[in-house]
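**Student:** Dock chain B against chain A, hints included.
Quick mapping for you: the protein sequence lines, in order, are chains A and B. To get my numbering, take the position in the first sequence, counting from 1, and add 293. To get my numbering, take the position in the second sequence, counting from 1, and add 293.
None of these hints come from the bench; they were simulated from the model. Among these hints, one or two may not hold up.
Copies of the same chain look alike in the list, so a pair counts if it works inside one copy or between any two.
Below are the DSBU-like pairs computed for lysine-lysine, each with C-alpha atoms no more than 30 Å apart in a straight line [claimed, not checked]:
| id | residue 1 | residue 2 |
| --- | --- | --- |
| 1 | 483 | 310 |
| 2 | 483 | 498 |
| 3 | 455 | 475 |
| 4 | 455 | 483 |
2 protein chains.
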Amino acid sequence: MSRPLILVSNDDGITSKGIRVLVSIMKRLGEVIVVAPDSPQSGMGHAITIGETLRLYEEDIFEEVVAYKSSGTPADCVKLAKHYVLKDRTPDLVVSGINHGSNTSISVLYSGTMSAAIEGALEGLPSIGFSLCDYSSKADFSHVEEWVEKIAKQVLENGIPKGIALNVNFPPMQKEAIRGIKVCRQADAKWQEEFAERFDPNGRKYFWMAGNFVNFDKGEDNDEWAIANNYVSIVPCQYDLTAHHAITQMNKDWDWESLKR
Amino acid sequence: MSRPLILVSNDDGITSKGIRVLVSIMKRLGEVIVVAPDSPQSGMGHAITIGETLRLYEEDIFEEVVAYKSSGTPADCVKLAKHYVLKDRTPDLVVSGINHGSNTSISVLYSGTMSAAIEGALEGLPSIGFSLCDYSSKADFSHVEEWVEKIAKQVLENGIPKGIALNVNFPPMQKEAIRGIKVCRQADAKWQEEFAERFDPNGRKYFWMAGNFVNFDKGEDNDEWAIANNYVSIVPCQYDLTAHHAITQMNKDWDWESLKR
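Bound conformation, chain A alone:
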């Protein structure tokens, strides 16, 4: 049996510690190819590059792994990998990360890490985004390595439902070992923004966005709960945003007479 082909990307950029750890784990499981941004792309959400040019350069940065860096977003990187770099081959797995920082709950919407994984799912490929709930650039990843490997292996062997990307988050390093895995729903939480005002040397105002994370969710079946209780959280994510229940509700509640031609 030939070794599986594994595409690796991320949003912290090709030189980050998280992607180095991810590449080293994936090398145990198959043939690895990397297409990742040439600079940090945190908070890029599902941005793509339209009306601007894209660069793509081969970069000899990982031992025995073909790697490319791109000027594009994480989603661009997966598109470039699928439709240019790997034009005649199909990856068996797309992995993104390991992100330096949490992508639980609503952060999935803003996450470049997850946009690469969701882009993989759009292409019909089994895809996983990995994030460590520790924002430090020097974060300790040693406690998550076995879990990343187990989960990737599971997906290679047992698959995931078509069109689904897994949002995997790990608790930060703690005294006690990680307790296990919870398959979760996305917690209902949000960022409550505050804007810090500053003035530049010309006296013109500018802002820094800052925010407090507010968790409204009292359940124990969501990713915030899992991380707070030292479990790995896995949320299966879909790219169909339709709120199907709302179709029924709107067709029932709206005044359709007034909405005719």
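**Tutor:** Same frame as chain A, now just chain B:
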């Protein structure tokens, strides 16, 4: 009864024709405030500005309307509006657009227009993104004005389910009048990318992303069908990406013995 407060944003930038049309319609329905990007932000998805500064300037561009332009993304604009510009007031409605170009089907993921609307929904505000399926900067919006007004009025009067943002798309101007409104699901379609290679004057390669839209969806209950048949499509969108059915499936199908500590 006081007039409703309506926040307007977009992704084509504050000087685009689409937002001018939207502002003029909203002025009939309430007090309008604009916070929009200072330059085009198409394809920005749900990007936000992290680790960079933001600018925000008042701009006297719409008659009798307080307007601000920002260096940020569409999602940033809604955050700035909610948590800075309108700190002590709550908008009754958030509208984004009218986008120059389609945001049907999978384009909702890449859409800056919809990210502003979804950001509004995240804040618990009734929110609508409007798009015209015509990419021209001089697109004719005259056939959609009555529909934009009717839909906005409907939302102000009858509301939408909490946490939902409406993705409204209009067919381009045609000989026959628009036939009516369909509340739809997001069509299962995707962009099939191609990368056009070019060389700069220094002989270094670069790329333009191009793509063909491929529609796999044979149903008549989706937004692609509605637009192709000259209907207004409305897809209610949610920000919970959890594929709830997949939780059951994974808990059943995966080899959990091997995933224990």
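**Student:** Run every hint past the structure and note whether it holds.
**Tutor:** So, going through the hints one by one against the coordinates:
{"no.": "1", "hint": "483 - 310", "in the structure": "within (28 Å within a copy, 33 Å between copies)"}
{"no.": "2", "hint": "483 - 498", "in the structure": "within (27 Å within a copy, 42 Å between copies)"}
{"no.": "3", "hint": "455 - 475", "in the structure": "both (20 Å within a copy, 28 Å between copies)"}
{"no.": "4", "hint": "455 - 483", "in the structure": "both (28 Å within a copy, 15 Å between copies)"}
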